[in-house]
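Below are the chains, spelled out letter by letter.
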Amino acid sequence: MNQPILEVKNISKTLGGKLILDDVSLSLNRGELKVLIGPSGGGKSTLLQCIHYLINPDKGDVLLEGRSAAEMGRRNICAFRQEIGMIFQDFNLFDHLNAENNVAVALRKVKGLTKEAALKRARQELERVGLADKATLYPAQLSGGQKQRVSIARALAMDPKVMLLDEPTSALDPELIGEVLNVIVDLSKSGMTMLMATHQIGFARHLTSEIIFMERGGIAEAGPPSVLLAEGSCSRTADFCSKLTELLGKNG
Amino acid sequence: MIDLAYYQEMIPELTRGFWLSVKIIVPSATLGLIIGVLVGAVRGMEYPRFLVKPFNVYVSLVRGPALLVQIFVCYYGLPELAMLVRPFFEAHGLPPVWKILYLSPYAASVLVFSLCSGGYHSEYIRGAILSIKKGQFLAAEALGFTKRQMFWTVVIPQAVRRAWPGCGNEVIYLIKYSSLAFVVSAKELTGASMSLANSTFRFTETFFAAGLYYLFLVTVATWILNRLEKAYAIPGFGRA
Amino acid sequence: MADFSWSTVVYILGGVGMTSVLIISAMLIGLAIGTVMASVQVYGPAWSGRMVSLYVWFFRGVPILVLMFLFHFGLAGLVEEAYLYFFKTRLRIPPLASAITVLGLCSAAYQSQIFRGAMQSIPAGQLKAAKALGMSGPQAVRVIILPQVFRISIPAWSNEYSIMLKDSAIAFVIGVSEIMSRFKAVATTTHRHLLMYILAGALYFILTWIGVKLLAALYNKIRTPGLAETGPSN
Chain S
1 MNQPILEVKN ISKTLGGKLI LDDVSLSLNR GELKVLIGPS GGGKSTLLQC IHYLINPDKG
61 DVLLEGRSAA EMGRRNICAF RQEIGMIFQD FNLFDHLNAE NNVAVALRKV KGLTKEAALK
121 RARQELERVG LADKATLYPA QLSGGQKQRV SIARALAMDP KVMLLDEPTS ALDPELIGEV
181 LNVIVDLSKS GMTMLMATHQ IGFARHLTSE IIFMERGGIA EAGPPSVLLA EGSCSRTADF
241 CSKLTELLGK NG
Chain X
1001 MIDLAYYQEM IPELTRGFWL SVKIIVPSAT LGLIIGVLVG AVRGMEYPRF LVKPFNVYVS
1061 LVRGPALLVQ IFVCYYGLPE LAMLVRPFFE AHGLPPVWKI LYLSPYAASV LVFSLCSGGY
1121 HSEYIRGAIL SIKKGQFLAA EALGFTKRQM FWTVVIPQAV RRAWPGCGNE VIYLIKYSSL
1181 AFVVSAKELT GASMSLANST FRFTETFFAA GLYYLFLVTV ATWILNRLEK AYAIPGFGRA
Chain B
2001 MADFSWSTVV YILGGVGMTS VLIISAMLIG LAIGTVMASV QVYGPAWSGR MVSLYVWFFR
2061 GVPILVLMFL FHFGLAGLVE EAYLYFFKTR LRIPPLASAI TVLGLCSAAY QSQIFRGAMQ
2121 SIPAGQLKAA KALGMSGPQA VRVIILPQVF RISIPAWSNE YSIMLKDSAI AFVIGVSEIM
2181 SRFKAVATTT HRHLLMYILA GALYFILTWI GVKLLAALYN KIRTPGLAET GPSN
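One line per chain: the protein sequences are S, X and B, in this order.
Using the working numbering, the letters of the first sequence map in sequence onto residues 1 to 252.
Using the working numbering, the letters of the second sequence map in sequence onto residues 1001 to 1240.
Using the working numbering, the letters of the third sequence map in sequence onto residues 2001 to 2234.
The shape of chain S in the complex, shown without the other chains:
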C-alpha cells in the first residue's frame, strides 16, 4: 500500500483548561472511509476541527499527502483547508446566499473563478446531490436534509482530497436522514476519502473499513467492523452500539 493521503500525528488540545484531545493519531488511505464513534464530548468534533486546522492543535501535526500543516504559514493554511472538505452537523450555510451562490462563493472568492464558471460548477454539484431544482432557493427555504446536501455540494465544489464529516445527520429529522446518507454512499463509491463522525452505525458498518471509538479525548479502540461488532465480541464499541440501538431503534 502506498503512502496514506492523510496522517494525523499525536494531536493534543486543551480548551478552557480541560484536555479535550490526548495524543490522537490516525491515518487514511486514498478512497478509504473511516468512522469515528463514541459518546458526546468524547472529542470527535474537536478532532475533526483540529485536522482541518479550524482549531490549532497544541501539539501534533497533520500531514496531507506528506505535507505538514504544522510547518505551513498562516497563508498556506488557507490553501491547505481548501484541499480538505468539511461537513458540519448544523450545515452552516451562508444565510444570505441562495443554494447555488452558497456553493459558488468560495469558488469565486477563494479559487478566483469567474461568476459564470463558478455558477456553472455550482449547478453541477447541486445536480450531483439531487438539488438541481432548488438552486435559487435560500437556506431558510430548504429542509434540513436539503441544507445538508447543499453543504456537501459546497464542499465538493472545492475538489477536496479528503472529506471530514461531523455527524452530518444528527441535526436532521429521521425522515430526512436517508437522502443525506444516500449522497454519502454515492461519494464513498466514487472513491472519496472520508472521515466521518456519526451515530449511524447500521449504515456505517457496511461502508467503512475501520471504526475508531473515541472516549475521553483518546482512541479507546479501533478495528474493522467485522471484528469490533462481531457477535459476542464484548468490545466497548459493540457495547456502545447496542445501547445506541436500544435508544434509537434498529436503524439508529
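Think of the hints as simulated: they come from the structure by calculation, not from any bench.
Note that beta-carbon positions come from the ideal geometry of N, C-alpha and C, so glycine has one too.
A couple of the hints might just be wrong.
Below are the SDA-like pairs computed for lysine to any residue, each with C-alpha atoms no more than 20 Å apart in a straight line [as the list claims (entries may be wrong)]: (1) B:Lys-2128 - S:Ser-45; (2) X:Lys-1176 - B:Val-2056; (3) S:Lys-109 - B:Val-2141; (4) B:Lys-2128 - S:Arg-74; (5) S:Lys-9 - S:Asp-23; (6) S:Lys-115 - B:Lys-2128; (7) B:Lys-2221 - S:Gln-141; (8) X:Lys-1176 - B:Gln-2139; (9) S:Lys-109 - B:Leu-2146; (10) B:Lys-2213 - X:Gly-1064; (11) B:Lys-2128 - S:Asn-56; (12) X:Lys-1187 - B:Ile-2174; (13) X:Lys-1053 - B:Phe-2205; (14) S:Lys-109 - B:Gln-2139; (15) B:Lys-2128 - S:Tyr-53; (16) X:Lys-1176 - B:Tyr-2110; (17) B:Lys-2213 - X:Arg-1063; (18) B:Lys-2088 - S:Arg-108; (19) B:Lys-2128 - S:Asp-23; (20) B:Lys-2128 - S:Thr-136; (21) S:Lys-111 - B:Lys-2128; (22) S:Lys-111 - B:Pro-2138; (23) S:Lys-111 - B:Val-2141; (24) X:Lys-1176 - B:Ile-2163; (25) B:Lys-2128 - S:Phe-240; (26) B:Lys-2221 - S:Thr-136; (27) B:Lys-2221 - S:Asn-101; (28) S:Lys-111 - B:Gln-2139; (29) B:Lys-2128 - S:Arg-108; (30) S:Lys-111 - B:Ile-2163; (31) S:Lys-134 - B:Thr-2224.
Calculated from the model, a selection of chain X residues having no Cβ within reach of chain B, i.e. all distances over 12 Å [said to hold, decoys possible]: (32) Pro-1105; (33) Arg-1148; (34) Arg-1162; (35) Ala-1197.
Position chains X and B against the provided structure of chain S, taking the given hints into account.
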C-alpha cells in the same frame, strides 16, 4: 495646559451647573417614567380606539421632530399663544390662566424632557405589554381579577421588567439631552461651561471637563439601573 | 401671510440641503468606522475590543452639544494653530466640518453596536464553514459576514437615521446653517416663533418619514427570502 489656578476656578462653576442639571434630570426622568407607564398601558391594553388614538398622536409628536424644535416651541412659541388667548380671558373676566404659558427656562426644559422621554418610555412599555402571553390575561380573569387588579398585579410587574433595558437607555438619553436646556439659557452644566469658557477662552479644557461630568452622570445612572434590574430579576424571565 | 415669500421657502430648502450633506456624510463616516470597530470587537483580540468599548462609552456618555463645543471651539482651534505653525498659512475649519466630525464619531459608536449585535446573531458556524472552504479570517468576514450584517442592520439603521436627523439640529448652535438655524432666523425676523417652529417640526417629520420609507424599500428589495424580520435563524 496644566494650570491649577484655572481648575480651582472651573470646578466650583461646573459643579454648580452639574447640580442644576441633576435638578432638571431627576424630575424629568421620574415624570417621564410615570407618563410612559400610563400612556404605554393605555396603548398596550385593548382600549377603544378613540381613547388610544390621541395618545398615539402624542407619541408621534414627541418622536417625530427634533428635541430642539420642541424646546423652542415651548419656550418661544407658547408665549405667542398666550398673547393670542389673553384678550379672550380678559374680555370674559376669567382668571389670568394664560400666564402659565410663560415658562421659565427651567420649567420649559423639565416640561419638554418629561413629555419627550414619556413618549419614548411608552413605546417600550407598550411593546412589553403586547409581548405578554394573552393566556395570562385569561387566567387572571378566570381567577376573578378585575381589569384594574389584573393590570397592577399581572401586567405591570411583567411589562416594566421587560421594558427596563429600553427605558434605562431612554434615561441615559435624557441625561445627555438635558444639555439642550442650554439653548433656552438655563445655567445647567453646559450653560455654565459655556459662560466660563467664553470669559476665559479655555474651550478645550472646559468642555472636556464638562464631558467628564456627563460621563460620570451616565455611568452612575447605568450602574443604578443595572442594580435595579438585577435586584428585581426573576430567574428565567424574559427569555421565552 | 405676506411675509412668507418664495425666497423664504428657497432659503429653508437650502437648509434641507445642508442638513442632508451633514447627516449623509456623518452616517457614512459612522458606517466605515463602525464596521471596523464592530469587526474588531467581535472577531479581534480582547485588548482591541476593550479599546472599542472605551470609545463607545465616551461617545455614548457625552452629549452631542458638549462634543460640538469641544470640537469646534476647542480642538478645531488647536488644529488651526498647529496648521499655522507648521504651514505658515491660515486654515479655517468651517462649522460644518466640525459638525460632521462630531456626528460621524457619535454615529460610529452607535453603528458599531448595531453591527456588533448583528454579527453576534449570525451563527458562528458560518465563519468556520468559510474558513473550511479556504478563506482567510478577514476575507470570510468581508465576503460572508458583512453582507449579512448590513442586511440585518437596515431596520436599526433606519432608526439611527431618524435619531441622526434630529441630532443634526444641534449643529445650529455652532453656526451650521441647517434647517433649525434657518427656521430660527426666519422666526426671529418675522416674530412668528410658534408657527415657524411648528413648521420646522413638520419638516423634520416629513424628512424622517421619507428616509424611513426609502430604507424600508431597500430592505424589502435586498432581504433574504425566508429569513425572519428580526434576523437569521438556522
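Each hint tested on the structure:
1. B:Lys-2128 - S:Ser-45: 13 Å, holds
2. X:Lys-1176 - B:Val-2056: Holds. X:Lys-1176 to B:Val-2056 sits at ~14 Å (cutoff 20 Å).
3. S:Lys-109 - B:Val-2141: Holds: S:Lys-109 and B:Val-2141 sit about 12 Å apart, inside 20 Å.
4. B:Lys-2128 - S:Arg-74: 16 Å, holds
5. S:Lys-9 - S:Asp-23: 8 Å, holds
6. S:Lys-115 - B:Lys-2128: At roughly 23 Å apart (the allowed maximum being 20 Å), B:Lys-2128 and S:Lys-115 break the hint.
7. B:Lys-2221 - S:Gln-141: Within the cut-off at roughly 17 Å; holds.
8. X:Lys-1176 - B:Gln-2139: Distance of about 39 Å is beyond 20 Å: violated.
9. S:Lys-109 - B:Leu-2146: Holds, at roughly 14 Å.
10. B:Lys-2213 - X:Gly-1064: 14 Å, holds
11. B:Lys-2128 - S:Asn-56: With a Cα-Cα distance of about 13 Å, the restraint between B:Lys-2128 and S:Asn-56 holds, given a limit of 20 Å.
12. X:Lys-1187 - B:Ile-2174: 18 Å, holds
13. X:Lys-1053 - B:Phe-2205: With a Cα-Cα distance of about 18 Å, the restraint between X:Lys-1053 and B:Phe-2205 holds, given a limit of 20 Å.
14. S:Lys-109 - B:Gln-2139: With a Cα-Cα distance of about 8 Å, the restraint between S:Lys-109 and B:Gln-2139 holds, given a limit of 20 Å.
15. B:Lys-2128 - S:Tyr-53: 10 Å, holds
16. X:Lys-1176 - B:Tyr-2110: 15 Å, holds
17. B:Lys-2213 - X:Arg-1063: Holds, at roughly 16 Å.
18. B:Lys-2088 - S:Arg-108: Not satisfied, since the Cα-Cα distance of roughly 52 Å exceeds 20 Å.
19. B:Lys-2128 - S:Asp-23: 24 Å, violated
20. B:Lys-2128 - S:Thr-136: 23 Å, violated
21. S:Lys-111 - B:Lys-2128: Holds, at roughly 18 Å.
22. S:Lys-111 - B:Pro-2138: 16 Å, holds
23. S:Lys-111 - B:Val-2141: 17 Å, holds
24. X:Lys-1176 - B:Ile-2163: 13 Å, holds
25. B:Lys-2128 - S:Phe-240: 30 Å, violated
26. B:Lys-2221 - S:Thr-136: 16 Å, holds
27. B:Lys-2221 - S:Asn-101: Distance ~18 Å between B:Lys-2221 and S:Asn-101 Cα, so the pair holds.
28. S:Lys-111 - B:Gln-2139: 13 Å, holds
29. B:Lys-2128 - S:Arg-108: It holds: about 18 Å lies between the C-alpha atoms, which stays within 20 Å.
30. S:Lys-111 - B:Ile-2163: Violated. S:Lys-111 to B:Ile-2163 sits at ~43 Å, over the 20 Å cutoff.
31. S:Lys-134 - B:Thr-2224: Distance ~15 Å between S:Lys-134 and B:Thr-2224 Cα, so the pair holds.
32. Pro-1105: 15 Å, holds
33. Arg-1148: 34 Å, holds
34. Arg-1162: 16 Å, holds
35. Ala-1197: Per Cβ check, X:Ala-1197 is inside 12 Å of chain B; nearest 7 Å; violated.
When the structure is compared with the earlier hints, violations turn up for hints 6, 8, 18, 19, 20, 25, 30 and 35 and for no others.
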